[in-house]
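First to last, the protein sequences are chains B and P. Quick note on my numbering: the first sequence kicks off at 1 and runs consecutively. Quick note on my numbering: the second sequence kicks off at 87 and runs consecutively.
Watch out, some of these pointers could steer you wrong.
Stated by the list, open to error - Using 20 Å as the maximum straight-line C-alpha spacing, the simulated DMTMM-like pairs for lysine to aspartate or glutamate come out as follows:
1. LYS35/B <-> ASP244/P
2. LYS35/B <-> ASP172/P
3. LYS232/P <-> ASP23/B
4. LYS32/B <-> ASP244/P
5. LYS232/P <-> ASP172/P
6. LYS64/B <-> ASP172/P
Think of the hints as simulated: they come from the structure by calculation, not from any bench.
In case you want the letters, here they are:
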Amino acid sequence: MQEDMKNKMNVEVNADEYLDCRDMKCPLPIVKLSKAIKQMTAGQIIAVEASDPAFKSDVQAWVKTMGCELLEFVEGPVQVAVIRKP
Amino acid sequence: MGRQSSKTIMQLDRELVDYIDSTITAKVTEELNAIREQIAQTLAQCQKSPVQQLGNRATIVAFSGDMDKLIAAFIIATGAASIGMDVSVYVTFWALSALKKTTRFKGKPFTDMLTALMLPAGPNHLGTSKMNMLGAGQVFFNYVMKKKNMSSLAELIDLARQTGVRIIACQTAMEVMGITREELIDDLDFGGVATYLADACDSKITLFI
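Modelling step: build the complete structure from the supplied sequences, incorporating the hints.
What follows is the structure, given as structure tokens:
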């Protein structure tokens with residue numbers, strides 16, 4: 001299933017985890033993201049896809065408060081954020 | 087002779103100026119040092135003060151029984167929990183209706199039966215603060231939100247609990263409204279004002295909604 005998602009994504013990323021938050025509205029993407037990142041180990045990378053227009057500003061603020069690193073952000077109808085767990 | 091005396095006066099003047107200069111410098115340095123010491127002391131005090139030791143906590147009082155306001159409250163609660171904060175939501179008065187899973191009449195005094203009859207039956211029955219239009223607004227907004235894939239209040243409360251938000255029902259308000267523990271959703275905490283204050287004192291964010 002993860003491979004399927006990888007193929008569907010509109011950017012090439014090498015991530016350990018993939019998270020589909022398309023069609024989710026605030027606060028769901030952030031909630032799912034923090035849940036997912038809790039289960040990851042330090043240094044691992046997660047790619048998140050989301051369509052909520054607030055996602056860009058939310059994920060930037062979230063990364064800052066959580067001390068994570070936003071490696072890449074792709075804008076568009078479906079936004080992609082690539083995040084590294086500290 | 088006139089020239090000589092004026093020269094002495096100028097010399098005298100210079101000595102006087104030097105003297106005044108050195109006195110002023112000494113005085114200013116002395117006072118500046120005192121001020122510096124005071125600043126250092128105040129800084130040290132500030133670093134020791136409890137404001138710096140606040141927990142990573144958010145405390146929200148949910149008071150309103152309006153669906154829209156409660157949605158805002160629970161979105162903030164889940165959001166805060168998602169950035170790693172300890173979140174408590176104190177639910178009191180009209181907001182208690184949002185925690186109801188059922189309404190019971192049996193064994194209640196007459197006044198409690200009356201309130202039970204008049205209060206909304208649960209999170210899906212709350213009106214909106216504006217454009218409610220005798221309940222039409224509530225139906226309309228629930229429909230629109232579902233269509234736009236937004237979480238309903240009931241779902242948000244559920245999500246909040248899954249993300250570790252502590253929900254505390256106010257015992258006093260429950261008595262006033264004639265609501266029993268059996269009528270509310272399971273696994274709630276119950277408390278009073280002291281519980282809230284203890285949490286609020288240790289919180290970076292406190293809201294009353």
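Hint-by-hint comparison with the structure:
no., hint, in the structure
1, LYS35/B <-> ASP244/P, "holds, 15 Å"
2, LYS35/B <-> ASP172/P, "holds, 15 Å"
3, LYS232/P <-> ASP23/B, "holds, 12 Å"
4, LYS32/B <-> ASP244/P, "holds, 14 Å"
5, LYS232/P <-> ASP172/P, "violated, 29 Å"
6, LYS64/B <-> ASP172/P, "holds, 18 Å"
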